[in-house]
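Chains as they are written, first to last, in the numbering used here: chain A, 1 to 151; chain B, 1001 to 1125; chain C, 2001 to 2497.
Simulated from the structure, these hints should not be mistaken for laboratory data. Yeah, the Cβ is synthetic: ideal placement off N, Cα and C, and Gly gets one too. Just so you know, nobody snuck in bad clues.
Subject to a maximum C-alpha distance of 20 Å in a straight line, what follows is the list of computed SDA-like cross-link-like pairs (lysine to any residue):
(1) Lys1113/B with Gly2158/C
(2) Lys2110/C with Gly1099/B
(3) Lys1007/B with Val2186/C
(4) Lys1027/B with Asn2165/C
(5) Lys63/A with Val2023/C
(6) Lys1113/B with Asp2157/C
(7) Lys2358/C with Arg2372/C
(8) Lys69/A with Arg2028/C
(9) Lys1113/B with Asn2165/C
(10) Lys69/A with Leu140/A
(11) Lys2029/C with Phe74/A
(12) Lys1054/B with His1077/B
(13) Lys1125/B with Asp2303/C
(14) Lys1054/B with Gly2189/C
(15) Lys2110/C with Glu68/A
(16) Lys1054/B with Val1079/B
(17) Lys2207/C with Trp1011/B
(18) Lys69/A with Leu2031/C
(19) Lys69/A with Gly2030/C
(20) Lys2269/C with Gly2194/C
(21) Lys1032/B with Leu1102/B
(22) Lys1007/B with Ser2206/C
(23) Lys69/A with Val2112/C
(24) Lys2110/C with Arg1110/B
(25) Lys2207/C with Ile1014/B
(26) Lys2373/C with Leu2468/C
(27) Lys1027/B with Val2231/C
(28) Lys1054/B with Val2186/C
(29) Lys1125/B with Asn2165/C
(30) Lys2110/C with Ile136/A
(31) Lys2100/C with Ile2376/C
(32) Lys2100/C with Glu2458/C
(33) Lys1027/B with Leu1123/B
Over the 12 Å line for every Cβ pair with chain A, so calculated as not near, a few chain C residues:
(34) Leu2031
(35) Met2211
(36) Leu2229
(37) Glu2275
(38) Thr2382
(39) Ser2476
So the chains spell out like this:
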Amino acid sequence: MISHLEDVIVQTVGRILIPFIQVYGLYVITHGHHSPGGGFQGGVILGASFILLCVAYDINEAKRRMTEKVDTVFCSLGLIIYSGIGVICLVLGGSYLNYSKLYRILPVNPIDARSMGILGIEIGVGITVMAVMISIFLDLASRGEHEEGLE
Amino acid sequence: MEFILTKYHYWIYIVLMMIGFYAMIGKRNLVKKIVGMNIFQTAIILYFISTGAKRGATIPIVEHGQGGAMHAIHAVHYVNPLPHVLMLTAIVVMVSTFGVALALIIMLYRRYKTLEEDEILELRK
Amino acid sequence: MTTSPFPILIIVVPLISAFLVPVIGWWRKGLCYPLVIGALSLSVFSSIFILRMVMGQGTIHYYLGNWAPPWGIEYVIDHLNAFVAIIVSVISLIIAIGSKRNVEQELPEKIVYFYCLFLLHVTGLLGIVVTGDMFNLYVFLEIASLAGYALIAIGEDGAPFASFNYMIYGTIGACFYLLSVGYLYVVTGSLNMGDLSQILPDLYHSKVVLMAFAFFIVGVGLKMALFPLHVWLPDAYTYAPSAVTALVAPLMTKVGAYVMIRIVFTVFKPYFSLELIPATAILSWVAIVAILFGCILALGQTDLKRMLAYVLIAEVGYITLGVGLANRAGLTGAILHILNDALMMAGLFLVVGAIVYKGGLRNIHQLRWLHRKMPITMAAFTVTALSVIGIPPTCGFFSKWYLVLGAINANRWLFAAILLISSLLNAILFFRVIENVYFEPARYAHNGGIHEETSRDEAPLSMLIPILVVAAGILSLGILSGEIVSNIIRFAVPGDL
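Isolated chain A, as found in the complex:
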């Protein structure tokens, strides 16, 4: 367990920085399809902001903000978004992950639909990566002693 080091400087800096890190993470995710970045990178940044919270405060504080169950649901949710979009393309008559078919349900032309589809994928990936980063960190930092971690 990380010790309860009540450091004013670290906590204040963390409190100021975390929102900016998270906004930056969201920026990286949403601009992933036309600039460097994407779901993986943005997800890691989001996860890192949360890890900063754990380091600056302690794990219990972090777990109060995101419980183990919510984290597990986020893990699954991202992947379900990802493969769900693929399956929607499948249902709309294209092959798996053929986003251009999404124009039938989105108010855009097939070319923009590709852009929208990949954005959805990035969001799904981002959510999962963030949740997995948090989950790995919590499991390891608490030496697997919190409720539904290791064992």
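Starting from the structure of chain A, add chains B and C where the hints point.
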């Protein structure tokens, strides 16, 4: 000598890979094994990335927006993005392997109170 | 290019279900199991449908996201893929049904995570089988392996350490595979298997290609536990929970064997692996040593599960021998043996699961009177054991027959002799168990015959039915093996062999 210098990135990756490989096989401490595993995987990532590099090339992103796609695209001006994309996936695999390895190590430490392979083998008899 | 969604459904259904399991398990634990069964049944259904399609219209190409290869990822399904995909999906469905009670007994608190990993493992294996892209194969290989490490680690006392060792070796194998993909990419600029096999012939004399091939064989050999690289296997499969061993043991090594066949005969043409370098000759010698080594070391084991793990090493040797012989009969035997061995190992490990569920004793010498306690299970065990030995009506005979035929066609009389010797060794091995199960050991008969009257205590129906299905499968596939060979495997063996 020139043989070494002109292909220096390959030599670096081979040396790194052998260091990692030795640590995985030769070291008796489990954490050192995992560190070796990471070096090993990083060496392979280095290899892939170095194959995609080009002198004087830039990131493979076509200028977005109005008319951006109209210009002719010369592959010479861009680094090969495929190895980077592959390695992004390989990094994810590497992180998950690392996570599983650390989780296993915590389980082992809880059970045997040591991370030396010899001592664990001794305790298991 | 096909627009039929079945090639992708094989993978997507277990993948989505794997991640629905934790969500649903959070809400209601009891729903996990039906979800798993439903997902695997859909996979079975799609793979059977695909085999019918392949048999009707030849090789199927499926472009992910409609990007044409070699730029996009392509799923290619020919007779070999479709055949292995059916094996993987059917066996995993049988195991999921048969190991339900084991899971409830051995891992009561981890059911949700167990089923999540179970489905991920199956997704990985099916992905390896259907993909036509080298790098995609690596990703699926790692999905299957990572799920496998985690599944094995939840076992009994020695499991975390065994799993750690497995992970170290498995990672080396995967990295070697990745490295060789990198080598091939550097010289060809392609990752698509079909594309590679067209570009490579001009480059067969390049040292890079040679190195890539060597790394492939070592990497895949590590994953499929080929003899000198098998060290992780006995521990990992002995200490894993019975449900996990029943899943991982029949499938992981077989899928590894499939990858080897794919690489040696599809990505590289037989001309390269047969004539340019003595790869197949080396493989067949390694396989021979693996067969002998596996059988002889299995003789020394008293733990039933460990003994079966060594038998598995020998079985991997059989498949590799078929690959190494590299003639029609030999390769037919190898592909047929993938099916037979998956069935036999599933049957044997399910029986071990049933024994553990009822008594908890796995020592061979403590199995006596078991035929009174669990007559039906033991009958199924005997059928399966006869198949491993290679007694005619069972399917094990036919694949060995093709292997011996292949050895004779290749003028390798020594290999044929060793195949027969290994059958004898297997007979000793399994009759040692069967003797303990059915007959009173002599030392007890001496003390005036202490008859421990054991009451009948058969395994529950949910375990018994899968075991019987496997046993029936072994018998009927033995009778039908001619049909299988002439309708499916004949097309799976490359034409220029």
